[in-house]
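Q: What follows is the residue order along each chain.
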Amino acid sequence: MATSLTERPTALPASAIRITQVKSRLKMLSGPLIGLVLLIAVMSFLSPVFLTTNNLINILVQVSYIGIMAAGATLIIILGGIDLSVSAVLGLSFMVVAVTYQNLGWPFWICIIVGLATGTGIGLLNGVLVAFGKVQAFIATLATMFAATGLSLYLTNGTPILGLPDWFLGLSQVRLLGVSLQVYLMIVVVIIAALWLKYRPAGRSLYAIGSNEEVARLSGIRVKLLQLRVYATAGFLAAVAGLVVGARLNAAQPSAGNSSDLLSVIAAVVIGGASLAGGVGSMWGTFVGLLIIGVLNNGLTLLNVSPHLQPVVIGAVIILAVLSDGRLLSIFRVRSRRQTA
Amino acid sequence: MSEANTARTLTGTALTKRYGGNAVLRAVDFSIAAGSVVGLIGENGAGKSTLSSIIAGIKRPDDGAMTIDDRPYAPASPIDALNSGVAIIHQEIKMIPELSVAENMFLGRLPVRRGRVATREMVADARAALADLGVTLDPRRPVAGLSTATQQEIEIARAIIRRPAFVIFDEPSASLGRHETERVLEQIDLLRSRGTGVVYISHRLDEVLRIADRVVCLRDGSKVGEWDARDIDREGMIRAMVGRDLARREAPPPPHGHEVVASVQDLSSSRFENITVELRRGEILGVSGLVGSGRTEIVRALAGADPFDSGEVLVEGAPVKIRSVPDAISAGIYMVPEDRKAQGLNLNRTSAENMALPWESRLVPSGFVTTRFLDRLKRRMASEVDIRGDLDRPVGLLSGGNQQKVLLAKWLVRIPKVLILDEPTRGVDVGAKEAIYEIIRALAARGVAVVVVSSELEEVLLLSHRVMVVAAGRQRAILTREEATPERVMQLCVS
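If you read the sequences in order, they're chains A and B. Residue 61 is where the first sequence starts when you use this note's numbering, and the numbers rise one by one after that. Residue 208 is where the second sequence starts when you use this note's numbering, and the numbers rise one by one after that.
Treat each hint with caution, since some may be false.
Quick list of in silico lysine-lysine cross-link-like pairs, DSBU-like style, CA-CA up to 30 Å [stated by the list, open to error]:
1. Lys-624(B) - Lys-548(B)
2. Lys-585(B) - Lys-624(B)
3. Lys-194(A) - Lys-548(B)
4. Lys-624(B) - Lys-528(B)
5. Lys-585(B) - Lys-548(B)
6. Lys-258(A) - Lys-585(B)
7. Lys-194(A) - Lys-258(A)
8. Lys-548(B) - Lys-301(B)
9. Lys-301(B) - Lys-266(B)
10. Lys-284(A) - Lys-548(B)
11. Lys-585(B) - Lys-194(A)
12. Lys-266(B) - Lys-548(B)
13. Lys-528(B) - Lys-548(B)
14. Lys-284(A) - Lys-258(A)
15. Lys-284(A) - Lys-585(B)
16. Lys-528(B) - Lys-284(A)
17. Lys-194(A) - Lys-266(B)
18. Lys-266(B) - Lys-284(A)
19. Lys-266(B) - Lys-258(A)
These aren't lab readings, by the way, just hints derived from the structure by calculation.
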């Protein structure tokens with residue numbers, strides 16, 4: 061445009077900009093990351109078993125299905141929504157796999173596709189309710205959570221289904237470089253989601269929608285379409301997590317995907333620095349949050365802390381994470397600004 | 208209702224406020240007398256809000272003292288100030304739409320009798336306060352659905368329930384049209400005639416001239432002028448505010464011929480009907496109308512923000528379907544919305560991210576948005592629109608003028624065929640205003656068809672080649688620059 065009113069010198073060389081960007085990114089992650097490092101240090105001090113390769117891999121294995129769901133939950137929470145139905149969808153979609161295989165006798169790969177489609181479909185329903193039905197995400201997904209839980213009990217009258225193909229159950233035993241497949245699966249999901257959030261226009265615009273939906277809409281972002289896509293993705297990932305759990309449990313349990321899984325998913329996202337108000341969060345943060353939960357559960361078990369007390373610790377960590385990440389820091393920042401200004 | 212407060216003068220001496228080492232108010236002397244209006248003017252950041260916050264007990268001065276009728280006055284809170292007879296009416300109206308008018312007026316101090324809200328008493332008091340202002344409104348109805356102007360009146364009624372001796376109006380007209388503003392001014396006349404001392408803060412100098420007995424001008428935290436309102440004119444005030452003269456009345460460069468970029472035919476919805484207008488290359492079309500006339504609704508429909516029922520839009524001769532904002536963007540029609548904070552910018556995201564938002568999916572051929580793309584876009588726009596401030600920090604930290612420039616830059620990343628600007632200079636200081644006018648003229652000179660909607664008549668008349676006047680959802684006339692005198696436009700607005 062011809063309106064360059066005054067020439068401005070370019071502020072900083074590119075390398076300096078890059079350094080400040082890295083710094084600011086580290087600062088954003090610093091709370092949870094420091095927490096994780098401290099936690100690992102304390103645990104390895106308290107328990108000799110903790111810092112062994114086997115145990116560390118074990119932690120990753122234990123959290124892998126939570127991590128797969130947390131990737132979807134991160135997208136939804138950045139978008140300004142919430143999905144309470146993920147763990148119920150996990151249970152239902154694998155139950156569908158087992159029922160179509162056992163009772164209907166379909167080829168197993170078709171059953172898997174039907175299971176994944178079930179998860180995606182419920183996610184899509186969540187999306188339709190939120191985007192077009194104008195139902196609050198909390199309420200819409202609360203409803204589908206109840207429905208999905210009920211359906212998976214109904215399908216089998218509450219009894220588990222056994223007798224899945226051996227090759228499928230064997231998948232959970234396969235190890236590559238000593239690490240089981242589900243860990244790779246989780247890492248691939250997290251990396252793809254992280255890259256999508258950072259580089260793809262659609263992923264990036266989730267932040268804009270979460271900060272202010274009207275601003276995003278008037279900027280030509282197809283808000284409703286994205287809501288649909290993201291909720292459907294979360295449902296799909298829950299179904300994928302269902303396959304991981306099913307292979308590991310050797311059966312389709314109607315009780316799989318209980319509410320404590322759901323709470324772990326949301327806890328990982330929140331500990332990782334996302335805000336339930338939307339517009340804030342990152343996939344790396346969620347991954348760190350996930351590891352914190354994994355390390356806590358594993359470490360406390362190693363230390364013989366009652367499993368009933370473990371959620372108390374996680375509750376405390378959530379509060380600590382939120383305070384250290386946002387409020388405490390911002391209070392300090394405001395104070396120091398006042399002093400230096 | 209409380210007893211009328213009978214204080215005569217409020218005086219501040221050497222009022223000073225610092226943030227860190229940065230003085231935002233420097234030894235300002237100030238006084239308000241009962242039964243008179245002081246107009247307080249100055250650019251954004253000149254210290255007007257700080258001064259009024261100190262008087263209203265929202266902030267405390269670091270230095271200096273205030274007295275009311277020679278008694279020391281040092282309010283510790285707004286409630287303290289209210290108890291001493293000083294009330295403030297804020298620029299932004301904060302009402303809870305679900306609550307009734309009366310409940311909103313008594314929010315935070317609901318009258319309680321035997322553990323219950325004394326509704327009947329509250330409604331009666333609210334009714335009396337509204338009647339005092341000449342407003343007939345059922346205090347029991349919810350605020351939801353009332354116009355901004357009516358809400359503003361409720362706000363005033365709320366402030367004067369306790370009969371304060373002094374009332375501060377902090378830019379009450381910022382979101383009002385001319386007609387509504389006139390009603391506020393009449394109410395201030397009424398307060399003055401009853402012996403209230405009023406401070407009136409506004410960017411609109413005509414209003415200040417119309418209402419004030421004395422005018423005080425701040426610049427960079429210092430008082431740079433104080434006049435009897437009869438001794439000062441617009442140009443003098445502007446000179447004092449900016450410390451220089453502004454060439455304001457220059458005509459825009461003439462449009463290039465009569466080539467039509469877009470034509471709107473019989474556009475109708477529930478809020479407006481039969482809008483027909485041709486937008487020509489390089490022409491600035493002003494849209495004038497009162498608040499609620501449908502002027503914003505018309506342009507929002509054109510930009511795909513709201514649906515319309517019937518009518519047709521042609522761009523460069525070909526009909527285009529506009530059902531959504533993306534449709535309008537592909538047709539080359541972009542809109543800078545009226546409310547920067549709620550509609551224009553994500554305040555917690557950086558300026559660079561805000562400017563890139565519409566374009567990431569449209570201007571990145573690889574489909575992967577890189578830091579390089581963002582950096583280049585940011586540098587290009589910063590120099591083209593002259594935005595001052597760190598573009599890698601949240602845009603909410605910039606001044607109002609620079610925020611508005613970021614919002615404008617967001618829609619100039621790709622040059623539009625039609626650019627719609629709704630209230631392009633709301634809440635922006637005089638310097639930034641001029642810069643934005645410059646940009647608008649330069650865009651027209653490049654061949655963009657610009658549509659400017661504004662509640663400031665002066666702005667419309669200053670910028671436009673032609674003016675469309677809207678009243679009650681109908682287009683009353685399209686006037687040429689020569690025909691569009693302030694009187695003519697106002698006459699059509701109220702017709």
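Q: Each hint needs a verdict: does it hold in this structure or not?
A: Right, here's what the structure says about each hint:
no. : hint                    : verdict
1   : Lys-624(B) - Lys-548(B) : 25 Å, holds
2   : Lys-585(B) - Lys-624(B) : 22 Å, holds
3   : Lys-194(A) - Lys-548(B) : 23 Å, holds
4   : Lys-624(B) - Lys-528(B) : 16 Å, holds
5   : Lys-585(B) - Lys-548(B) : 20 Å, holds
6   : Lys-258(A) - Lys-585(B) : 18 Å, holds
7   : Lys-194(A) - Lys-258(A) : 28 Å, holds
8   : Lys-548(B) - Lys-301(B) : 15 Å, holds
9   : Lys-301(B) - Lys-266(B) : 19 Å, holds
10  : Lys-284(A) - Lys-548(B) : 22 Å, holds
11  : Lys-585(B) - Lys-194(A) : 36 Å, violated
12  : Lys-266(B) - Lys-548(B) : 24 Å, holds
13  : Lys-528(B) - Lys-548(B) : 29 Å, holds
14  : Lys-284(A) - Lys-258(A) : 20 Å, holds
15  : Lys-284(A) - Lys-585(B) : 28 Å, holds
16  : Lys-528(B) - Lys-284(A) : 19 Å, holds
17  : Lys-194(A) - Lys-266(B) : 42 Å, violated
18  : Lys-266(B) - Lys-284(A) : 44 Å, violated
19  : Lys-266(B) - Lys-258(A) : 42 Å, violated
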